Amino acid sequence: MNRTMKFGMVITLVVGTLAWLAIGGTTESASYFKTIPEVEKMSQADKAKKLRVGGIVEPGTITRNGNTVNFVLKEGDWKMKITYASNEPLPDTFKDGSQALIDGRMGDGVFHATKIAAKCASKYEAKPGQNYKGTASYEKKS
Amino acid sequence: MENIGALAIMLAFCLAIYSVVASLVGAWKKKPFLIASGERAVIAVFGLIVIATGILIYALVTSDFRYAYVAAHSNRDMPFYYKISSWWGGQEGSLLLWNFLLGAYAFVVVLQNKRKHRAMMPYVVATLMSTQVFFLILNVFPASPFQMLAQGKNIVEVQDGNGLNPLLQYWTMLIHPPVLYLGYVGFVVPFAFALGSLITRQPGDQWIFTTRRWALVTWFFQSTGILLGAGWSYAVLGWGGYWVWDPVENVSFLPWLTSTAYLHSVMMQEKKGMMKVWNIVLVAATFFLCIFGTFMTRSGIVASVHAFASSNIGTYFLVFLTMGIAFTIYMILGRLDYLKSESELESVVSRESSFLFNNLILLASCFATLWGTLFPVISEAVTGEKVSVDAPWFNRINIPIGLFLLFLTGVGPLLAWRRASSEGLRRNFQWPFVGMLALMGGLFAAGIHHIYALMTFGLCLFVTMTIAQEFWKGASAIAKKEATNVLSGMIELTHRNTRRYGGYLVHMGIVVMFIGFAGAAFNKDSTVEVEQGKSFQLGRYDLKVTSVNNGQTDNYVWQNAVIEASVDGKPYATLHPERRIYSQSQQPVGAVAIHRRLNEDLYINFAALSSEAQKPIVQVYIFPLVTWIWIGFWVLTVGTLVCLVPSKVKMTYARTEVVGMAGKHEKVAK
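Top line first, the protein sequences correspond to chains A and B.
Start counting the first sequence at 86; every next residue gets the next number (the numbering used here).
Start counting the second sequence at 1242; every next residue gets the next number (the numbering used here).
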């Protein structure tokens, strides 16, 4: 076997293994970005997929007992009940009215969250001229 | 004042454009005075940026809330050092920091090269200043730090500002952004020299010798910046994650991967005249990934847990990146003749091929990480559906890559150039290999069955033994010859070839970090709602919440839980995890309590009081071996410093001066 062949084989082996890992992993860990109304309209089979839903935490709905946190996420008039039971603490930015991105799955009409990211960044990015205090405008990042 | 600041930025912008034009025209028309004035303009640009920065810092320190930036990122009661760090607490300021550092680097380059590299310098200056022009555009137009708060036509002042994001009020965050930026911005210099060398068709590797130190120092800043970020994330965000493959983390990791690849493959060019095109590609890739990283963190095109606002500056970055990359590719393709390799690969088991695989695997990791980070964007473009991949996906690919790299770390430096003999392999690797198997067997018998953790520990010992062997062999030879002890032999050895032995120390630092990473396989956690006075258990710890207290400082109000930990009935530690609400931003923030030890950290977060029973909810974690990550960093630091000490014996790179095989091969003309 000549040199080029040998190198070719080793490189193919390495790259091939990684590609295999990458592709196999994608089906397993992919989560789909959906809005609340989209989730409502989904078929049962699609609802079983891992989803990532964005929205605003409805003020006054956060309750926590034991290691479970419940709240309502809303987008416009659409609402969704979320339950979160994990040893990973919620981010500090998670509070009434903050914008949240939630990973998890639907089950029994409640969304079971596995990861919650939240931000209220608009507060720190007030535009001049506007009353920057209090009027947090939720900048949507698509 | 604010007008002077804005004017200074504007003038710097004009002068930077002038500098680019003067340098290029000067080089083209061969007018030394134009080239010289282009270089002086660099100094003026830096001076102006210093003035602008000074004014912004003065406004921050004196709490001048007429400035929109100051009002948004500072408040009166914040400690002095956080007021200064508000400089990079927001978009406008952090871009000004970019400009400041870039200006400083360009200033140093001009001073260092007053007499050197005369042919290349105009192009080096032009490259540096083009980048500067781009970042100044951002500070002049869409993101000026000197905007005033106004109502109608009057400038107004607010009573107090919003304050720096409380999450950023932590010591590593004081230095993380500037350090990371030092690394990001720093790579513009090797890139500028590479481009200058391409344009002027320099024969040889002049640009590599000139920028070797730059590359190493900026690489070190990148490493430090990344680890400071990891340390911050671990100690502040509350769940002890130092790395979660968040987009913002990923983009800081990408240029580190390519610059690490560059630091290795550059040795191939120095010693064998190989991989010339590749090295230029790596330097360029690192530079553009640094810009890309800034773009990602600043534009928010991929949702991130880091609270950065989305903004409209993304387009500017895309235009700059496209133009820069297109020009670089054009230059490389046009100069391929000058970049011919002087020798070729001979064997799969050789030093050369270990470098090749090191590069392949680093780039694979870089590509995979980039792919995963951009997956929402890519999938939306291809299928119309936005799909993201999470941390397990990244781990799935990067853990095997990390292990393979660790293996190469042990094997690569000991392989002979050109072709390794089986005798040499046996001599070098026999004992490390036996050690590795023995350790893995022992750990397995002791009940550790996590396959990746076992492999990591085994490989760590393997690499440690190969490195120790190298030091020992060299040091005892010197000790015998000079009749001294082995320790001074070791110092002498290192001093003779600092790059090689410093490099080994850096490798050792990475090994120690891997020990810390492997600890993550044994993390334990628990969330409990407990009454005061009641205790609960995690691992070997008995934990009792003794009290919940409240208090207040100038900057925030706080509530903490006092938790006593005991092991086997003996008191072990008392921890005070705390929750704070910062007065200006009304932002609640947790301050975790960590009891750090070499074997494991006990880590407690006080989540909240429960809604109904008003009992404290605490999250407790045990993180084995995490401290070794930070120790590994210090080893890496020492290693890098050793690399920077000039070698006592000047290495002349006769291209076939091969360790252990001298004289066997004919010399290749340089």
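Hint data in this document are derived by calculation from the structure and do not stem from the laboratory.
For clarity, every value in this text was computed on a predicted model and none was experimentally measured.
Please note that a few of the clues may not be correct.
Claimed, not checked - For each label pair, taking beta carbons as the anchor points, the in silico distance ranges come out as:
hint	chain 1	residue 1	chain 2	residue 2	range
1	A	Ala104	B	Thr1794	47 to 55 Å
2	A	Ala104	B	Ser1729	47 to 55 Å
3	B	Ala1622	A	Met94	46 to 54 Å
4	A	Met90	B	Leu1839	43 to 51 Å
5	A	Val157	B	Tyr1299	45 to 53 Å
6	A	Lys126	B	Tyr1693	50 to 58 Å
7	A	Trp105	B	Leu1728	47 to 55 Å
8	B	Phe1608	A	Asn155	54 to 62 Å
9	A	Glu160	B	Gly1295	41 to 49 Å
10	B	Val1879	A	Asp131	50 to 58 Å
11	A	Gly101	B	Arg1660	22 to 30 Å
12	A	Asp131	B	Phe1568	53 to 61 Å
13	A	Glu160	B	His1836	25 to 33 Å
14	B	Lys1714	A	Met94	27 to 35 Å
Unchecked claim - Derived SDA-like pairs (lysine to any residue); straight-line CA-CA distance at most 20 Å:
hint	chain 1	residue 1	chain 2	residue 2
15	A	Lys135	B	Glu1585
16	A	Lys126	B	Gly1625
17	A	Lys91	B	Lys1856
18	A	Lys200	B	Phe1645
19	B	Lys1856	A	Lys200
20	A	Lys91	B	Phe1645
21	A	Lys134	B	Gly1625
22	A	Lys135	B	Val1477
C-beta: ideal position from N, C-alpha, C; glycine also.
Evaluation of the provided hints:
1. At roughly 54 Å, the beta carbons of Ala104/A and Thr1794/B sit within the given window of 47 to 55 Å.
2. Distance hint for Ala104/A and Ser1729/B: a CB-CB separation of about 51 Å, consistent with the stated range 47 to 55 Å.
3. Here the CB-CB span from Ala1622/B to Met94/A is close to 34 Å, at odds with the stated 46 to 54 Å.
4. Evaluation of the 43 to 51 Å hint for Met90/A and Leu1839/B yields a pass: the beta carbon distance comes to about 49 Å.
5. Checked against the hint of 45 to 53 Å, the C-beta distance between Val157/A and Tyr1299/B comes to roughly 47 Å, which is consistent with it.
6. Distance hint for Lys126/A and Tyr1693/B: a CB-CB separation of about 41 Å, inconsistent with the stated range 50 to 58 Å.
7. About 48 Å separates the C-beta atoms of Trp105/A and Leu1728/B, a value consistent with the hinted range of 47 to 55 Å.
8. Restraint check, Phe1608/B to Asn155/A: a C-beta distance of roughly 41 Å breaks the suggested window 54 to 62 Å.
9. At about 46 Å, the CB distance of Glu160/A to Gly1295/B agrees with the hint of 41 to 49 Å.
10. Distance hint check: the CB atoms of Val1879/B and Asp131/A are about 55 Å apart, consistent with the given range 50 to 58 Å.
11. Between Gly101/A and Arg1660/B the beta carbon distance is about 26 Å. The supplied range of 22 to 30 Å therefore holds.
12. Between Asp131/A and Phe1568/B the beta carbon distance is about 46 Å. The supplied range of 53 to 61 Å is therefore violated.
13. A hinted range of 25 to 33 Å is violated for the C-beta pair Glu160/A and His1836/B, which are about 42 Å apart.
14. Under the hint 27 to 35 Å, the C-beta atoms of Lys1714/B and Met94/A, about 34 Å apart, fit the expected range.
15. Annotation: proposed proximity of Lys135/A to Glu1585/B is violated, straight-line Cα distance about 49 Å (limit 20 Å).
16. For the hint pairing Lys126/A with Gly1625/B, the CA-to-CA distance comes to about 18 Å; that is within 20 Å, so the pair holds.
17. As the CA atoms of Lys91/A and Lys1856/B are separated by approximately 65 Å, the hinted pair breaks the 20 Å bound.
18. Proximity of Lys200/A to Phe1645/B is assessed by CA-CA distance (about 30 Å); at most 20 Å being required, the pair is judged violated.
19. Distance check on the hinted pair: Lys1856/B and Lys200/A sit about 24 Å apart at the alpha-carbon level, beyond 20 Å; violated.
20. Only pairs whose Cα atoms come within 20 Å are accepted, and Lys91/A paired with Phe1645/B is accepted, the gap being roughly 19 Å.
21. For the hint linking Lys134/A to Gly1625/B, the alpha-carbon distance of about 17 Å falls within 20 Å, and the restraint holds.
22. For the hint linking Lys135/A to Val1477/B, the alpha-carbon distance of about 28 Å lies beyond 20 Å, and the restraint is violated.
Of the numbered hints listed earlier, those contradicted by the structure are 3, 6, 8, 12, 13, 15, 17, 18, 19, 22.
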